[in-house]
Amino acid sequence: MVDAARQPNITVKAYTEVERVEGFVGNFKVQLREKSKRVISSRCNGCGDCSKVCPIEVPNSFEMNLAPRKAIYVPMSQSVPLKYTVDMDACIHCYKCVEACGKLNAIDFSMEDKVTWEDAGAIVVATGYDHFDPSVMSEYGYGRFPNVITSMEMERLNNSAGPTAGDLIRPSDLKNPKRLAFINCVGSRDKRYNPYCSNFCCMYSIKNAVLLKQMDPDLDISVYYMDIRTPSKGYEEFYDRARELGIHFIQGRPSLITEDPGSKNLFVHSEDVSLGKVIEREYDMVMLNQAGIPQPDQATMSSVLNIVQSPGGFFMEYHPKLRPMDTPTDGVFLAGACQGLKDIPSSVAQGIAAASRAGRILHSDKWEIEPTVASVWEDRCISAQGKQCGLCAKACPYGSINYEVGKAAEVVTAKCHGCGGCVAECPHNAITQLHYTDAQLLAQLQAVLANEPEKKILAFRCHWCSYGGADLAGTSHFEYSAKERGLRVMCSARMDSDFVYEAFRLGAGAVLYSGCHRQDCHYITGQIVGATRAERLTKTFDKMGMSPGRFRVEWISAAEGDKYARVINELQKVIDGIPPEKLKEEIETLRPQMEQRARRMKEAPRVEEAIEFSKRMVASMHGEEVAN
Amino acid sequence: MSHSTTVTFADKVRAIPGGEHLEMCYSCGTCVSKCMIQQKVEPDYNPRRLIRRVLLDQVEDAFTDPTTWMCSACDLCFPACPQKIHISGVIGAVKQLAVAEGYKSPLETVKVDDKLCSGCGVCVMVCPYEAPHLVEKKVNGQMDRVSLVDKNRCMRCGTCVAACPLGAISRKGVANPDIVKQIKIKTDRTTSPKLLIFICDWSLRVDDDLRILESYPSNIRVIHIPCSGRIDPQMAMLALRSGIDGVLVCGCAPGECHFKRGTNVGSCKISLLGQMFDQMDPERGGRVRFIQIGTQDRGRIRNEIDGMLESLELMKAR
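As they're listed, the protein sequences go chains A and B. Counted the way this note's numbering counts, the first sequence spans residues -12 to 615. Counted the way this note's numbering counts, the second sequence spans residues 53 to 370.
Okay, chain A solo, but in the shape it has when bound:
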């Protein structure tokens, strides 16, 4: 940390909050609020004279409130930068510190917060995690029984720089405890509080137990656990060593801690799962190994940075296996426990990975994106005419559409990933997606349904999952109906309802609407946009009186080739199950309704041209002479 602060290309902005982030990859603008320390950083030399004369003492939160600090303080002696801060909640304005500072004249009580805008090419988020407060678990008595402490308090108590200079004492009578119990999974793997495993606590309690046992081999240490999880290199060996040292590992989650009112000794009630018996053991001190939880302002940060939170509350990575340090917002990267609880080696690895990802942006002049981005026909956008709409902005998972009534919607191309959700959602065909324009897709539709459409199965497949699924069905030689005709779009969000109406208007026998499973969507929430639309379509077709099964919605991943083949075969069965005359009659009855619903698409630019082209394609397929 000291080295980082000395590096000329690194500026450390301590006591500073990120308030707003604007712009996009390579061109971020970040609003910072540098909170007033009441000490001028450039003048303060960290001598500490001010702190010595300060008459106010308050609990030191860095020492887990086990030691006091003054109202003018540094959190710890190794703080970087070593600049003092006035705690204005505690200060009584005696100004003794100003006197003590003397000629340096570093203390300025009139100082105010400084708000600045900084340019940034890339952002690495490393906001860390917080600790679960075990006092809500009344069964463990934290807060009521003085000798029940948390792991962070233990960390300070056996730290040689801590308040007791490393002498482990228990709070009730300041004597050295002889019998210690560590309880794992306090607040984690617990559906009442946090269902997830906190990842590092098993190793953490083993570390603490080994440290203490090495300092005093006479200590009786028991670790209560449900499962000991030691999955990384060398961890299991460390666990072995702990057992060799004579540390007891008791499998069984304690249900209760009781305290002897006289001696303040603690009794841990648990089942020993190996014995199948309830045991009650007496200890001098109990350490609760509390869970890690997201920072209290994690949700605020997630909206400031426009990144998503996973179900546990931590920041969501772009892809859990392949891009664990990226976020869906290009140019914003994650490092450490803010993305998910992890131990030091993993945090370091992720931090370095995120830094090199960020470096890649800083070292290049250009940022390459997929060419399938969206663009707006400004003259068609009703927002420009002063009408409320904003459907495109609502459908965009990346916040790349700036929408404001009175102005045409604007796509920030650098942020757009090309799912096409906005294009399909726009009721006025005012947005188009390069390479997947309405005209192009319409032309394909008309071409594949040119002959005997009532015998065809039209399958809309998303590029990332269902298309891969169909591909796998092919390479794996899974047989499915040859009447299937596939149509690729980037995401199920791009599957415009107009396409489905048009397909049925043209007389398609059956239509499959398929994309990724919800959790697998390549475009974060694109599938949700598509799924909502598909649900609406299913209801509409039901009301119209379409034979059940002719419109089908299935989520098929790239690994589910067998499912793709099965679904297509089932659709074939649906078509075979309806007598041909009846099917034709149904298509004819529904055609006017379909035509009515799909009418707007014909208004999209260049549709005429595309249809003309598609007709020529069909003709050439049939070996007819086509004039250029």
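There is no bait here: all hints are sound.
Pairwise CB distance ranges, derived in the manner of DEER restraints:
#1 Asp214/A <-> Gly225/B: 36 to 46 Å
#2 Leu366/B <-> Cys81/A: 49 to 59 Å
#3 Phe130/B <-> Ile156/A: 32 to 42 Å
#4 Tyr222/A <-> Glu72/B: 32 to 42 Å
#5 Pro131/B <-> His422/A: 54 to 64 Å
#6 Leu366/B <-> Asp117/A: 50 to 60 Å
#7 Gly346/B <-> Asp117/A: 26 to 36 Å
#8 Pro158/A <-> Leu218/B: 51 to 61 Å
#9 Ala54/A <-> Ser270/B: 49 to 59 Å
#10 Pro306/B <-> His118/A: 29 to 39 Å
#11 Asp117/A <-> Pro269/B: 47 to 57 Å
#12 Glu72/B <-> Ile331/A: 33 to 43 Å
Calculated Cβ distances over 10 Å to all of chain A for the following chain B residues:
#13 Asp63
#14 Lys64
#15 Gly144
#16 Leu186
#17 Ile237
#18 Gly295
#19 Phe329
Only pairs whose alpha carbons sit at most 16 Å apart, straight line, appear in this in silico EDC-like list of lysine to aspartate or glutamate:
#20 Lys83/A <-> Asp95/A
#21 Lys178/A <-> Glu75/B
#22 Lys92/B <-> Glu267/A
Because the hints were derived from the structure by calculation, they are not lab data. Since we're looking at a predicted model, the values are computed, not measured. Virtual Cβ for every residue (Gly too), placed ideally from N, Cα, C.
Following the hints, complete the assembly by docking chain B onto the known chain A.
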């Protein structure tokens, strides 16, 4: 995802309301140690193991497991379970299946004397388990309405025994005559106040607290009862009449009663009685007390007894 088509024992348990989510159990043992049955009564009692038996299709073992029959559904374990499994619900579901298969509860339950029973139905109202119900039955050659106790439901808390106005219900070991006999034992002549403690079997979790009770001299007499709901106010009055200075009834904390709501029944009766005495004779108030001891109140019983003795001594000195 594929779903199995065969119906397992676990599926049958899951199908009964309350039996859901048992597959989430990861055998942490919280329920086992939160529950007091294994420590106090039955060493083979183990809800975690019963869930395992259900999951592994060990039907016979599950039906004969003491856990199936001894759980009193106090639900101390439910709020403690990190997987939010309603354990007593699962056990209840297994029990329901066992009863359907013809298995019978091994517990010795309360007995109704048909000749004394008037069919008033107080026991039906007071029972936390809906065990007694009124039936038409031939008694002494005549058709009569009497209470009949479902043996598979009764957890033998004795709340009905105390509530029965005719003394028609009895529970082995703590029938009315047994308790009266204990109250009437003559104590040694002593000037210090005589205190009678009715202690619920479940309110003192740890052996240390039970040893505290034994540490007092003979002027402190302790009568063990299955539940504070078992106490009839008449017993307290009988004790006072037979020369005892104070009566302390000790039950579980609200919400921690081993028999769901026995402590509430006891609390209503004895607290009311205590208040009556206090109002009749404020000078000699506090002679009947009801206290509720929680699972974490280790050592509190000593303070309560000492406090009561102190106030009785002051009363005597006046």
